[in-house]
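Got chain V; can you put chain H on it based on the hints?
Spelled out from the first residue to the last, the chains are:
There are 2 protein chains.
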Amino acid sequence: MFWSTKSWDAAGKHCYITGGSSGLGLALAKMLAAQGAHVSIVARDEQRLARALVELETVRQSKAQLFQVFSYSLLTAEASEAALKAAMERHSDVTPDAAFLCAGKSIPRFFVEYTTAELTEGMDFGYWVQAWSAWFLAKKMVAQRRTGSITFVSSTLGLMTVPGYSGYCPGKHALRGLADTLRCEFLLYGIDIHIFFPPTMFTPSYEEENKIKPALTKKIEEADGGLTAEQAAMGQAHITADFLTDSFRVSSRGSAPSNGWILDGVIDLAARVWIPLWSTLTDRRVRAHREGHYQHLQEIGFFAF
Amino acid sequence: MFWSTKSWDAAGKHCYITGGSSGLGLALAKMLAAQGAHVSIVARDEQRLARALVELETVRQSKAQLFQVFSYSLLTAEASEAALKAAMERHSDVTPDAAFLCAGKSIPRFFVEYTTAELTEGMDFGYWVQAWSAWFLAKKMVAQRRTGSITFVSSTLGLMTVPGYSGYCPGKHALRGLADTLRCEFLLYGIDIHIFFPPTMFTPSYEEENKIKPALTKKIEEADGGLTAEQAAMGQAHITADFLTDSFRVSSRGSAPSNGWILDGVIDLAARVWIPLWSTLTDRRVRAHREGHYQHLQEIGFFAF
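One line per chain: the protein sequences are V and H, in this order. Count along the first sequence from 1, add 12, and you get the number used in the numbering used here. Count along the second sequence from 1, add 12, and you get the number used in the numbering used here.
Isolated chain V (complex conformation) (with noise of 0.2 Å):
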């Protein structure tokens, strides 16, 4: 998924992984770790940090191997620099040679329902938890003269847009357009920028948001059918994981390097088809629930405000 293993061998690197406890974070991670890589796990649960440490282990090819976590919330650049700099100390403060940014979370809600803190939430949790860290590593690796790679994780949300998902689909887009202009940016400084799109996961998050997603929001996504963190984690190259998130990725591309001028081709002509079919059938079931977000709106007290 995240790179072409025939040109990127792990064994020996320290991967830098945020978000790296749980879900496709730490299923990436047991991967790297599996092929020889030196793994830095940062997140925020200790207890989990620790029994990733224990997953970390079973996979162990040599003792050379430094398996590391660290506790740190991620949000803002301060914490995201203390994190970097405690994982680099054994590493004789050297930047890590590849950093996977899989931190982050939603909160699934209908948009005059928020509360100001869950909107502000959802961009710190949708794009400052990896922002950050990207900023400051990429400040280090110029600064060290380092190359590297950074690898985003947005979401099939950052290519296309849900209802229910107004806390979500904003961060993750951001990151896609901070993912494709640091993409050329970078070449300045050889430093490779990826951004991965994962389908729906079931994952430990996943679980916790399903707890407070509108319902419409849920038949919307029936159709996706999913997949779990192993097999992103084990998916095919630079960037989807699967056909719907890629006939996403290519029918909004933009300025965005294709992954195949004549496969997007098919691709794309495919989703001219079916995406405003899916469409229409969506804005059809809005339409067709707008009686009962009315009642429920009334229930939880709404026209008062």
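Warning: the hint list may mix true and false statements.
Since the list can't tell identical chains apart, any single copy or any two copies may satisfy a pair.
What the hints assert, rightly or not - Taking lysine-lysine pairs in the DSS-like style, the calculated list, with each CA pair at most 30 Å apart, reads:
1) K152 / K225
2) K152 / K117
3) K225 / K75
4) K223 / K42
5) K117 / K151
6) K223 / K75
7) K152 / K223
8) K151 / K42
9) K117 / K25
10) K151 / K223
Calculated directly from the structure, the hints in this document are not laboratory data. All values derive from a computational prediction rather than experimental measurement.
Then chain H, alone, in the frame of chain V:
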């Protein structure tokens, strides 16, 4: 540009315009005033607001028209709420018929050179300055069971990216993610969502921006002819105002509705050829700038970091 004049008559309508004291916002305010609308402008600079009020008077159509200006920063939910409430006061506290969220500015700089404050400002002025207004207005509209329209103003840089804008593209991409989500979600309420992607406009903000813009960014932008705010405000239907942006709109459509299946298909075919060529040329320019850029970093003392 913002709507088809055939389908919407501004006369007697209350139009709420943020960032309306200069540039695109002011041009739009005058156009709506000339069509007989009540106009409320929100911006920061009190002198510019006073001048804007004078300009509105020059196009007044009837005594009944109410022109108002308010000074608010709009960067927080609270300020955005206060601004809208102030504008609604003399309209019996009823929500505006149409809101045009034109507030915003950009700080172009290389990613590793941004300060944390500048990156935060990038998202504040690229995204939140419009998102908070939309959020509070939408809540009020739904609570009052009113319909109407909300128009966001993104940028060509909300559909594609250019090196030097890593502090701006994310916010403008985020706005696009928000508008696309709300376009569908707000079918629930009958509130119309539009988003405009203006190309380079020769406005006061642009002149400000050019003073600090990296030389490389200027070079890449040369191909973009730009247009005046008046041209943009007079331009045709929803949503773009030049062929370049239209190409990026079509080639980054994702799940957004098309402006016409056949014409968009033709534009997309052209885009499929010229955008990859443009990208390749841009990548080459960036690589060629590498040495000059390291010299620049040396000069500003970056490596002491």
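Quick rundown of the hints versus the structure:
With identical chains, the CA atoms of K152 and K225 are at most 30 Å apart between copies only, with a shortest distance of 23 Å across copies and 39 Å within one. Proximity of K152 to K117 under the C-alpha cut-off of 30 Å is found in both arrangements, the shortest distances being 27 Å within a copy and 28 Å between copies. Taking identical chains as interchangeable, the C-alpha atoms of K225 and K75 are never at most 30 Å apart, the minima being 45 Å within one chain and 50 Å between chains. Taking the shortest alpha-carbon separations for K223 and K42, only the intra-copy value of 28 Å comes in at or below 30 Å, while the best inter-copy value is 48 Å.
For the identical chains of this complex, K117 and K151 are neighbours both inside a copy (26 Å) and across copies (24 Å), given an alpha-carbon limit of 30 Å. Taking the shortest Cα distances, K223 and K75 never come within 30 Å of each other, neither inside one copy (42 Å) nor across copies (55 Å). In this homomeric assembly, K152 and K223 come within 30 Å of each other (Cα to Cα) only across copies, at 27 Å, whereas the closest approach inside a single copy is 40 Å. In this assembly of identical chains, K151 and K42 lie within 30 Å of each other by CA distance solely inside one copy; the values are 28 Å within and 45 Å between copies.
In this assembly of identical chains, the alpha carbons of K117 and K25 lie at most 30 Å apart only when taken from the same copy (28 Å versus 41 Å across copies). Taking CA atoms no more than 30 Å apart as the test, K151 paired with K223 passes between copies only; the shortest distance there is 24 Å, against 39 Å inside one copy.
Hints 3, 6 from the list above are not met by this structure, while the remaining hints are.
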